[in-house]
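Protein chains in written order, with the working numbering: chain A, 1 to 473; chain B, 1 to 473.
Careful: at least some of the hints might be erroneous.
Same chains, same names: a pair is fine if it fits in one copy or spans any two.
[To be verified] Here are the computed lysine-lysine pairs in the BS3-like style, where the Cα-Cα straight-line distance is at most 27 Å:
#1 Lys229 with Lys402
#2 Lys347 with Lys411
#3 Lys366 with Lys347
#4 Lys362 with Lys243
#5 Lys243 with Lys161
Hints in this document: simulated from the structure, not taken from any laboratory.
Remember, predicted model here, so these are calculated numbers, not experimental data.
Protein chains: 2
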Amino acid sequence: MLEQNHVTELAKLIGDAGVLTAPADLEAYQNGARYDRGRAAAVLRPRTTDQVSAVMAYCVRQGIPLVPQSGNTGLVSGSTPDNTGRQVVLSLDRMNEVFRLDEDNRSLTASAGWRLSDVNNKLEANGLFFPIDLGADPRLGGMIATNTGGSRFLKYGDVRKNTLGLKVVLADEDGTVLNLNNELRKNNTGVDWKQIFIGTSGAFGIVTECVLNVEPLPQQISTAYLVPKSDEHVMTLLRAMEKRFGSELSAFEGMSANAITAAIQHVPSLRNPFEQGIVPSFVILAEVTRSWEPRQGEQTLDAALEGALAEIWEMEGEPLADAFVGPPHEMWSLRHALSEGVSHSGKLIAFDLAFRRGDVMKFLSKIRSDLALCCPDLTICDFGHIGDGGVHLNLVLPKNSKQASDPDFEKQLRDFVFSIVVDEFGGSYSAEHAIGRKNQTYYDLYTPQKLREMTKDMRERFSPGDLGAVRFG
Amino acid sequence: MLEQNHVTELAKLIGDAGVLTAPADLEAYQNGARYDRGRAAAVLRPRTTDQVSAVMAYCVRQGIPLVPQSGNTGLVSGSTPDNTGRQVVLSLDRMNEVFRLDEDNRSLTASAGWRLSDVNNKLEANGLFFPIDLGADPRLGGMIATNTGGSRFLKYGDVRKNTLGLKVVLADEDGTVLNLNNELRKNNTGVDWKQIFIGTSGAFGIVTECVLNVEPLPQQISTAYLVPKSDEHVMTLLRAMEKRFGSELSAFEGMSANAITAAIQHVPSLRNPFEQGIVPSFVILAEVTRSWEPRQGEQTLDAALEGALAEIWEMEGEPLADAFVGPPHEMWSLRHALSEGVSHSGKLIAFDLAFRRGDVMKFLSKIRSDLALCCPDLTICDFGHIGDGGVHLNLVLPKNSKQASDPDFEKQLRDFVFSIVVDEFGGSYSAEHAIGRKNQTYYDLYTPQKLREMTKDMRERFSPGDLGAVRFG
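Chain A on its own, in the form it takes in the complex (with noise of 0.2 Å):
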């Protein structure tokens, strides 16, 4: 618990109601989405810039650990409290104050508490979006924090590429507050210091606003799944695709036969969609979209996928063994539950991984059969994103293995994967969910010890309060 006198002191600075400390209101903050319980020793709930900033400084001439925490739907348990009680979460969720769109601009400024589903419920009047696709609905700063990138990256980006200026507060004795960079598209006038701030867990600073690349919402979606003939027709089909859709190719996603049955499994309201139910071993959600109306004379995007489909078919080596348009809504149902149907299907041990786009296959094909021999009690429920290299690599455990209740093996698992993963194929431990203290370990295993002592200068030097979930030292 927080010590009364700081309790005091900090309700001066946000009011009673922004200084939580009864254990029945901390529960919410000190649970995270998925695996995380620790203790928290109070809740603070600034609303503004300024509130933050007063916090901040009073908690670092205080010695207070702060932890950040935005909309708490994060996986690497990098914005709740340890298991110490020491520290006190900072929470974004009353940060709301500012929501301004620039429809000229198409930018929007916005205070960082703000969920994303929010901010899309928000700007679809003016027929705009904040183009970063999730299954979980996160707050703003939260997502800057880790820099994710989601489903329809391969046409968007990420949420550093739709970042155009950040508010920040350093982890200082003076909660100094950084102004970066406005609502500007083009401003290169020295270092682009909000960068430092864009996927580094918030343990430099805690961003209270953004300015965001909005963009035109789709029109017109079309999708299909496509089934390849074989894994090494997987990049024959996504160069196909981007060669005939460009940029209205907006997602390219891969779905495993055991996420497809977990999902199917778990998730009552879906439909098998696959002939006389049979889940091919791989299968592609590929997804085009237009932001206008149809044209006057248009062909519909529908038609223009099935004749791209028709051509791929057709192409020398046949890459195609299964391949139809089916409803949007529909087929991202299926792709959206994966998740929820294997965390249901048994002990979860969740990977988010990045490589090389031609690696994504290679790879997978490398760590089933490395874990069928070591490991067969594992199943291999992977999707991801096979248009940005991203691969959720879920591995279930039967919940009364031994395996599943051995504290060693989780940890010799991601030792295995990891070496395979960084060692062998160049790939990412954390391609979008950024560092927690889940992944500090190989955050200090696998940066180059020049790059770790730049960024642990750094932090010692500009934010130099005890901030974040996550040690950047």
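Let chain A serve as the given structure and place chain B on it in line with the hints.
Just chain B now, kept in the frame of chain A:
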């Protein structure tokens, strides 16, 4: 001149042919594309990252100041030596060892000395290009150091958005090589250090290699000139075009009558495309592109553009005074000739500015009336990238005017224009040319003190050698 013992030692590292000292050999390296005449103590021309590292270590230890130079096409004195004769130019012009296209990944790994035109010529066979569209023909290292944008920023973004990885040599006593981020599109495992070297004019380290996102080449291109009824209608037109074309809209460039007239007068091959030769006061070049061959049954892009213009013509408020579709090559020829035309029409004082998009025309209106009062001899030949808020504000004085020969006038004018740009509009005094000696003063003036301190501090700690034409201090 560089002392002979240094010449001897450096030649041991990069060969005799790698060290130039004869005055005639230095000429091309000490004069800038448009403005500069400096004096180099020598020119070093390494071939590989290891050679850059060796040269860097030697020069830092010996206290020899280095100015990295790439294509030397910049306009802000960022790549040429000053007049002291002490600075040594480190040229990237022999750095072409690596050129590795990964078609599956749609990425190119290349040495920093490749020219943009050579990169695109080589990629063309694969139907790909590096989508930064510039009038000049820089080398990759300089494009990264300035974070250039160009004419198709609206669709593809700037160099930063298309850079997956970098190899950089720091200005320290070891010539430390940082190998940053490889070929992954997603990788959130700590600070994204490569961002520090993008757009910072080579002062933090020398980029020796890069991994770039490459895009499918446009296969269909249509262009139109749009004449807005008034300045107030320019944003209406941009928004109407974005609504109708989304990611097919690849350029939305503004051209003033003065710039067009200068181009037509000074570039004999150009045809005056306007009715009766009367140049409208402001003309927009809009381009739409598709990266695929026309699909069977698909409406042509010209027809789609004609249809959209017909709709826009009828819009409430009738925003168009005139509009016509024309041959892309011819329409772009005029656009690309503006810079040359303007530079031949008198003494040129050029600004590279950026604004929120909605402020572009407001700024132009304000600066026209302000300058008409204070400097009636100035002709304003502006053009720019309305779609991303960029303005190339070119002010031209008659060559024989008093102000053209007054050394203080240019400085006073810059001070005046930038105060309006930055203080009144929150704009940028360097949109895509980055910082060189030419705008060092404005970096010092307009960068918040805290950011200057952070920048200086980082520079001194990680890359303390005397590197770059600009002082981030």
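For each hint, the structure was consulted:
no. : hint               : verdict
1   : Lys229 with Lys402 : neither (37 Å within a copy, 76 Å between copies)
2   : Lys347 with Lys411 : within (14 Å within a copy, 69 Å between copies)
3   : Lys366 with Lys347 : within (22 Å within a copy, 65 Å between copies)
4   : Lys362 with Lys243 : within (22 Å within a copy, 41 Å between copies)
5   : Lys243 with Lys161 : both (23 Å within a copy, 21 Å between copies)
Taken one by one, the earlier hints fail for this structure only at number 1.
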